[in-house]
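The residues making up each chain are set out below.
Protein chains: 2
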Amino acid sequence: MKHLLAVDWGTSSLRGALLDNQGRVLEERSLTRGILTVASGEFPAVFESCFGAWMSPGTLCLISGMAGSQQGWLEAPYCACPAGFDDLATKLVWLEPGRIAIVPGLSVEKDGVPDVMRGEETQVFGALQLLGLDNARLVLPGTHSKWVTVAHRRVTDFSTWMTGEFYALLRQHSILARSLPRIDEAHDPASDAGAFEQGVAHALHGKGLLHTAFSTRTLSLFKRMASDVLPSYLSGLVIGEELKSQSLQRGDSVVVMGAEALTARYMSKP
Amino acid sequence: MKHLLAVDWGTSSLRGALLDNQGRVLEERSLTRGILTVASGEFPAVFESCFGAWMSPGTLCLISGMAGSQQGWLEAPYCACPAGFDDLATKLVWLEPGRIAIVPGLSVEKDGVPDVMRGEETQVFGALQLLGLDNARLVLPGTHSKWVTVAHRRVTDFSTWMTGEFYALLRQHSILARSLPRIDEAHDPASDAGAFEQGVAHALHGKGLLHTAFSTRTLSLFKRMASDVLPSYLSGLVIGEELKSQSLQRGDSVVVMGAEALTARYMSKP
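So the protein lines, in turn, are chains H and S. Going by this note's numbering, 134 is the number at position 134 of the first sequence; the sequence numbering is gapless. Going by this note's numbering, 239 is the number at position 239 of the second sequence; the sequence numbering is gapless.
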């Protein structure tokens with residue numbers, strides 16, 4: 001019976017899990033060998049050194065993520081939405097026929113503007129399988145959060161939100177950084193739940209991040225909020241802005257996927 | 001008859017104009033001696049070296065801008081809105097009685113969140129005087145754009161929009177920068193009117209900058225827009241986002257104040 005080596009090769013990290021034919025995880029590895037650290041042409045060698053020992057005869061390896069991008073191992077053209085699991089399977093790009101393949105990402109286009117994902121599509125179909133859902137709305141929070149709509153087990157729509165990146169830009173490079181603790185001294189950005197939820201609430205009622213972000217400075221200037229909780233407040237502002245834009249109705253069900261430290265911030269109820 | 005030395009001492013620049021008693025400009029100077037370049041305690045010496053020669057007996061000097069902030073020459077507490085010209089005059093902070101004063105900035109508070117300006121209030125009252133307006137809506141575009149509402153010659157409300165700063169953050173430090181020309185090779189961000197207006201239009205119809213900003217990357221990825229016009233497109237996205245948030249109605253009159261290169265972008269009609 002075959003084993004499956006499931007690899008998520010992203011921009012900044014490389015993760016793999018060896019699964020048996022029941023889907024049970026036998027071994028896992030996570031390395032800081034994202035595609036940005038791999039020179040063109042060195043992907044086979046990096047793969048071999050990281051996972052060669054797991055590639056016994058009969059093992060199938062599927063690689064999702066940025067390894068399939070123009071800057072990756074081999075480009076796997078995006079699969080256009082609506083797209084289901086079978087569409088991905090049909091469009092696998094084989095590095096070694098029957099042995100190692102790259103999973104294509106998804107693209108969608110609205111009003112002449114494309115959007116893309118690579119890696120999240122694999123997580124989405126995994127979640128649908130685990131949760132037994134045919135229809136769902138999902139969010140995968142992160143540097144670039146993805147909001148995904150699934151109907152009849154096909155991804156019909158999705159959008160990218162640069163929430164985590166905006167937070168980092170404002171935190172590190174903007175004038176707001178002057179009001180905030182130095183990054184090496186800073187608490188975890190969501191460590192103060194009160195300030196975080198105040199940020200979410202202000203974003204939900206505000207007129208947009210270009211304006212609300214400035215409140216991080218003025219609340220500090222008027223000594224209304226302590227410097228050490230301002231990162232939590234700012235995190236609340238950007239996540240609140242993302243949530244506001246989804247036009248969620250009370251009672252809407254959304255599947256939140258990701259590491260708990262991040263998903264917890266999307267579950268709070270201000 | 002007195003002369004007036006009108007000084008705008010901001011974060012990054014120091015500008016002064018010597019006016020006669022008819023309001024005619026006799027001389028002007030502009031220096032890169034913003035308050036960030038001036039050590040605490042050295043403001044009098046910098047002022048003397050830049051403008052001492054213009055301070056003949058009987059000359060009155062009024063200084064607006066960040067020179068009145070906590071990091072400036074002497075703090076001039078904000079004047080709370082609604083505030084008129086007379087309120088500013090009453091709250092001048094005198095460095096030398098009858099000779100040199102700092103003009104206070106304005107503050108406004110909504111839902112427990114303050115907003116502030118320093119320097120723009122002086123420009124606003126000047127514009128009202130020049131235009132003969134008692135009621136107006138004004139915008140002063142920039143790193144931090146200010147939208148100002150005036151009723152019966154008093155500033156009743158205003159808000160800050162970090163538009164120029166968001167542009168710079170995205171242009172220089174975000175993942176989008178990888179799709180854009182290197183900054184030292186780049187054209188002026190508004191040099192391509194078509195791409196700029198496409199950005200404005202996309203922002204006006206979009207769901208928010210956290211999402212629309214990503215289109216800068218995907219349009220490049222799908223070769224829908226040439227790299228050298230992407231900065232214009234990105235500029236359109238952030239300015240369009242600012243404009244969208246103002247809920248302007250067709251026919252609304254807005255006074256746009258500032259350097260023409262910037263105000264022209266607010267006057268385009270996509």
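Check before you lean on any hint, since a few could be wrong.
The list treats identical chains as interchangeable, and a pair is accepted whether it falls inside one copy or across any two copies.
[What the hints assert, rightly or not] Pairs of lysine to aspartate or glutamate residues, derived as EDC-like cross-links and limited to a Cα-Cα distance of at most 20 Å, are as follows:
{"no.": "1", "residue 1": "K207", "residue 2": "E109"}
{"no.": "2", "residue 1": "K207", "residue 2": "D134"}
{"no.": "3", "residue 1": "K223", "residue 2": "E109"}
{"no.": "4", "residue 1": "K207", "residue 2": "D157"}
{"no.": "5", "residue 1": "K223", "residue 2": "E75"}
{"no.": "6", "residue 1": "K244", "residue 2": "D134"}
{"no.": "7", "residue 1": "K207", "residue 2": "E27"}
{"no.": "8", "residue 1": "K223", "residue 2": "D134"}
Since the hints were made in silico from the structure, they are not lab data. Just so it is clear, the structure is predicted and the values come from calculations on it, not from any experiment.
Okay, the hints, checked on the actual structure:
1. Proximity of K207 and E109 under a CA criterion of 20 Å is satisfied inter-copy only: 15 Å between copies versus 27 Å inside one chain copy.
2. Taking identical chains as interchangeable, the C-alpha atoms of K207 and D134 are never at most 20 Å apart, the minima being 35 Å within one chain and 26 Å between chains.
3. In this homomeric assembly, K223 and E109 come within 20 Å of each other (Cα to Cα) only across copies, at 14 Å, whereas the closest approach inside a single copy is 46 Å.
4. In the homo-oligomer, the alpha carbons of K207 and D157 lie at most 20 Å apart only across protomers (14 Å), although the nearest pairing inside one protomer, at 26 Å, exceeds that limit.
5. In this assembly of identical chains, the alpha carbons of K223 and E75 lie at most 20 Å apart only when taken from different copies (16 Å versus 52 Å within one copy).
6. When the C-alpha separation of K244 and D134 is checked against a cutoff of 20 Å, the pair qualifies neither within a copy, at 25 Å, nor between copies, at 36 Å.
7. For a Cα distance limit of 20 Å, the shortest separation of K207 from E27 qualifies neither inside one copy, at 48 Å, nor across copies, at 42 Å.
8. For a Cα distance limit of 20 Å, the shortest separation of K223 from D134 qualifies neither inside one copy, at 50 Å, nor across copies, at 34 Å.
Violation of the numbered hints given earlier is confined to hints 2, 6, 7 and 8; the remaining hints are satisfied by the structure.
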